[in-house]
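**Q** Please build the complete structure, drawing on both the sequences and the hints.
2 protein chains.
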Amino acid sequence: MDIKKTYSISELAKEFDVTTRSVRFYEDQGLLHPTRRGQTRIFSSKDRVRLKLILRGKRMGFSLAETKELFDLWDETLSGNEKQLLLMLDTLARKRAQLEQQKNDIAQAEMEMDTAEARCREALADLQARKRKQTKATTKEPESIDQK
Amino acid sequence: MDIKKTYSISELAKEFDVTTRSVRFYEDQGLLHPTRRGQTRIFSSKDRVRLKLILRGKRMGFSLAETKELFDLWDETLSGNEKQLLLMLDTLARKRAQLEQQKNDIAQAEMEMDTAEARCREALADLQARKRKQTKATTKEPESIDQK
DNA sequence: AAAATACTTTACGTTTACGTAAACTTTATC
DNA sequence: GATAAAGTTTACGTAAACGTAAAGTATTTT
Numbered sequence: 001m002d003i004k005k006t007y008s009i010s011e012l013a014k015e016f017d018v019t020t021r022s023v024r025f026y027e028d029q030g031l032l033h034p035t036r037r038g039q040t041r042i043f044s045s046k047d048r049v050r051l052k053l054i055l056r057g058k059r060m061g062f063s064l065a066e067t068k069e070l071f072d073l074w075d076e077t078l079s080g081n082e083k084q085l086l087l088m089l090d091t092l093a094r095k096r097a098q099l100e101q102q103k104n105d106i107a108q109a110e111m112e113m114d115t116a117e118a119r120c121r122e123a124l125a126d127l128q129a130r131k132r133k134q135t136k137a138t139t140k141e142p143e144s145i146d147q148k
Numbered sequence: 001m002d003i004k005k006t007y008s009i010s011e012l013a014k015e016f017d018v019t020t021r022s023v024r025f026y027e028d029q030g031l032l033h034p035t036r037r038g039q040t041r042i043f044s045s046k047d048r049v050r051l052k053l054i055l056r057g058k059r060m061g062f063s064l065a066e067t068k069e070l071f072d073l074w075d076e077t078l079s080g081n082e083k084q085l086l087l088m089l090d091t092l093a094r095k096r097a098q099l100e101q102q103k104n105d106i107a108q109a110e111m112e113m114d115t116a117e118a119r120c121r122e123a124l125a126d127l128q129a130r131k132r133k134q135t136k137a138t139t140k141e142p143e144s145i146d147q148k
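Going down the list, the protein sequences come from chains A and B.
All the letters of the first sequence, read from the start, carry residue numbers 1 to 148 under the UniProt record's numbering.
All the letters of the second sequence, read from the start, carry residue numbers 1 to 148 under the UniProt record's numbering.
Any given hint could turn out to be false.
In this list, chains with the same sequence are indistinguishable; a pair is considered to hold if it fits within one copy or across any two.
Computed cross-link-like contacts, DSSO-like style, restricted to lysine-lysine with a CA-CA straight-line distance of at most 27 Å [claimed, not checked]:
1) Lys68 <-> Lys58
2) Lys95 <-> Lys14
3) Lys5 <-> Lys68
4) Lys131 <-> Lys83
5) Lys58 <-> Lys95
6) Lys46 <-> Lys68
7) Lys133 <-> Lys83
8) Lys95 <-> Lys131
In short, the hints are calculated from the structure, not lab data.
**A** Dropping the structure here:
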């Protein structure tokens, strides 16, 4: 299975480079469900996975609410109820469409970055060329030093 | 070139399905630069393009500030100053890295959605199977009607 | 001319996702 | 046993990205 271990809040925070404040906030919003030893939080490897998913979701532009919805939906899906299963399939389909849109957006952006970069390089080359000409005209180059 | 036309605020809002409030906000933040006829805003096709870019940026998880930075950087790049050109190239490289990360995230997500969907369909198939069995056991099927 | 339509500015309100500080408890270290 | 280190709760603060009136101007339609 997984690494079957438990984690402290700062272990997780360090590993994923977030603040403990954020982790507590995610729990508060119902995205993580650590157990307690006394009043100290103990995170399971399931929590760890979910934290990873939360952060990836953020990078993909998902809100915490959206991510929570998916978590909850998946938990209910595991109950095996038919209605939930169908709902999950539907949700997955919609998410896929969203990802398709994002892929298109990225592809577009990459193309435009290509042309932008090309123009930059061209402009730079022009500059360099003019510089060389300037240098040649200004600093009387030693016609040929170091020849035998 | 482009469609060489001008646009009213509500034309743009309608076309891109945003509120006029948002459009004004984007101007306020320095992302759009409409001219004025009296006090009424007149948007150029350049503004239109930028609005499109703003929205795509949002879908890709970019903040307005990030997008504005890119706009400003690009404008300064056009001045042809060498330092700006190099800065732009550097920025482009960093953005590309960001997009790579996003593509990885999306690919990961798609894989996980694949397995999630598979599990759903499996669970559903099980349910249906059990249902059929139930039906067969409960409602004494007419052994063979319609035979000659 | 009255009313509807489209635009404007000003400004306070709201949600999300935390930051930051204060005050306190528990556990580890010297 | 003092102190530092890591954890806790409570609570106010903040930046981003608008929403939502309120109140006014300008133009167009009836």
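**Q** Each hint needs a verdict: does it hold in this structure or not?
**A** Hint check:
{"no.": "1", "hint": "Lys68 <-> Lys58", "verdict": "both (12 Å within a copy, 21 Å between copies)"}
{"no.": "2", "hint": "Lys95 <-> Lys14", "verdict": "between (30 Å within a copy, 25 Å between copies)"}
{"no.": "3", "hint": "Lys5 <-> Lys68", "verdict": "within (23 Å within a copy, 44 Å between copies)"}
{"no.": "4", "hint": "Lys131 <-> Lys83", "verdict": "between (71 Å within a copy, 14 Å between copies)"}
{"no.": "5", "hint": "Lys58 <-> Lys95", "verdict": "both (14 Å within a copy, 17 Å between copies)"}
{"no.": "6", "hint": "Lys46 <-> Lys68", "verdict": "within (14 Å within a copy, 39 Å between copies)"}
{"no.": "7", "hint": "Lys133 <-> Lys83", "verdict": "between (75 Å within a copy, 20 Å between copies)"}
{"no.": "8", "hint": "Lys95 <-> Lys131", "verdict": "neither (53 Å within a copy, 30 Å between copies)"}
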